[in-house]
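Residue numbers (the working numbering), protein chains in the order written: chain A, 368 to 515; chain B, 368 to 515; chain C, 368 to 515; chain D, 368 to 515.
Worth flagging that the hints you see were computed from the coordinates, not collected in a lab. Treat the hints loosely; a few may be bogus.
Since the list can't tell identical chains apart, any single copy or any two copies may satisfy a pair.
[To be verified] Taking lysine-lysine pairs in the BS3-like style, the calculated list, with each CA pair at most 27 angstroms apart, reads:
{"#": "1", "residue 1": "372", "residue 2": "479"}
{"#": "2", "residue 1": "449", "residue 2": "372"}
{"#": "3", "residue 1": "465", "residue 2": "372"}
{"#": "4", "residue 1": "465", "residue 2": "479"}
{"#": "5", "residue 1": "465", "residue 2": "449"}
Predicted model, so just to flag it, every value in this text is computed and none were measured.
There are 4 protein chains.
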Amino acid sequence: MARAKEPVMSAEEVDAYLAEVFPQMQGAERLTRIQEVGPMRARLRLAYSDTTLRPGGTISGPAMMGLADHAMYAVILAHIGKVALAVTTHLSINFMRKPAPADLLAEARIMKLGQRLAAGDVTIWSEGQEGEPAAHAQVTYSIPPEKG
Amino acid sequence: MARAKEPVMSAEEVDAYLAEVFPQMQGAERLTRIQEVGPMRARLRLAYSDTTLRPGGTISGPAMMGLADHAMYAVILAHIGKVALAVTTHLSINFMRKPAPADLLAEARIMKLGQRLAAGDVTIWSEGQEGEPAAHAQVTYSIPPEKG
Amino acid sequence: MARAKEPVMSAEEVDAYLAEVFPQMQGAERLTRIQEVGPMRARLRLAYSDTTLRPGGTISGPAMMGLADHAMYAVILAHIGKVALAVTTHLSINFMRKPAPADLLAEARIMKLGQRLAAGDVTIWSEGQEGEPAAHAQVTYSIPPEKG
Amino acid sequence: MARAKEPVMSAEEVDAYLAEVFPQMQGAERLTRIQEVGPMRARLRLAYSDTTLRPGGTISGPAMMGLADHAMYAVILAHIGKVALAVTTHLSINFMRKPAPADLLAEARIMKLGQRLAAGDVTIWSEGQEGEPAAHAQVTYSIPPEKG
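Working from the sequences, and respecting the hints, build out all of it.
Right under this line is the structure:
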């Protein structure tokens, strides 16, 4: 039951799979890349871009919510393989600091990887400001039953 | 203390103000309109469109998170007036049903409207399926102090 | 799928069942009674008592968290019958106002009643202050599969 | 701005202060001790006891919610000093595994320590099962303004 399980897909494999199954990704989603995956974790980067900004040059809340969701999806896929139909059932996010005008990094951690549910958290910060999170999210995904 | 306070802006005024202060809105945000405002509540509509879809024709989770955030912002503005710098501090969303291929409606309700914080919930459903929510969110905004 | 489903147990039956399966209930739990159940909803009352107070005579946060959890469990039982082993999987609560020195009322609402998960919200207020919630919670329960 | 701030009270001082300001603590609260505090973190222990059990010998959900709340309060006090009136404004908790019949440990982490709000998370596990959390919570406290 979810002891330090090893990933079964690489960062590049997950990125390629997401691009394949979600060809309609747009905005912030297209600007997000998985940088590394490790046991029960993954790190992602959202490139700083005009398309995700709010007045004042701040990355928008919805862009950070999307990043948290994307990050948890990526780390789950990296550990369970190509299961496109996993769906988010819950996301709770605290916005803690205004992001800097810089790329955002997201560290996703799986805390439970069950047969039907996977849950964990995602910490988001502006590049250069690790330890001072812009946001922190809890995310739960429902995993469809495997077909025989 | 937030007893049945009356709105101070109309649906049209809030929509116009959001378009003015967020000229860079895109994707789902551009497809969202405030339909009505009432005491401590507002109803919004997100038009069904290719730009918010996931494989299978389902409206994406991030589009629903953005709608919940947009809806709470709109209902708060409608009650406190033009305060562009209110920022989301927390959002918790449960995804409960796959949305139908239809417009989404969002009913936002203010439960607390304090000097510094406003909090409430947003119920989201596919048009024609009221009573069977696609999602339900709690949203909290921080309100900046008024200038003298 | 969770259209205005009717309750299958009365308020008294749910209270009696909870007392039977949780003989070790204590503190605030022993002071809570189900007042009424209706389609997809229930109302509970937590009697004001020294045992749940914080300095200043305020009912404690944990007492309100327990009440929210108890209320959702009660409304689910009222609709699915005697299933002792349903367990909470998620609870998100906003504390919005200091409760008055009075009984607390809790209105629990089921928004989704699936085969495996039930989700809804609970609004809590001090008697005499309806419309000015002390707290609002989202609660999700996992329902064990029925035995054949 | 909440850079690795050092604690200003020891574990023993926080425990003593909580016992002093909350003489009415009961149940699980009386069984909880702060074990250590460090920069922006603290670890607590809830002793296994009949008073917090559910049928089957499992520690109850409300006991874990209380522990998460207690843990965040303790770590905040350890860093800001004796401020009895800090109040919880939000708590979101995921229950991930049935706790073992053992003491519970809670690791609380401050992610933001502002003038008015402190936010962080708490990971809870059964002694001997570190890395397999029983629960994970986000907790936000409101801090009253200092008096002059």
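Checked hints:
1. Proximity of residue 372 to residue 479 under the C-alpha cut-off of 27 angstroms is restricted to the intra-copy arrangement: shortest distance 11 angstroms within a copy versus 31 angstroms between copies.
2. In this assembly of identical chains, the alpha carbons of residue 449 and residue 372 lie at most 27 angstroms apart only when taken from the same copy (16 angstroms versus 37 angstroms across copies).
3. Taking CA atoms no more than 27 angstroms apart as the test, residue 465 paired with residue 372 passes between copies only; the shortest distance there is 20 angstroms, against 34 angstroms inside one copy.
4. In the homo-oligomer, the alpha carbons of residue 465 and residue 479 lie at most 27 angstroms apart only across protomers (12 angstroms), although the nearest pairing inside one protomer, at 30 angstroms, exceeds that limit.
5. In this assembly of identical chains, residue 465 and residue 449 lie within 27 angstroms of each other by CA distance solely across copies; the values are 21 angstroms between and 35 angstroms within a copy.
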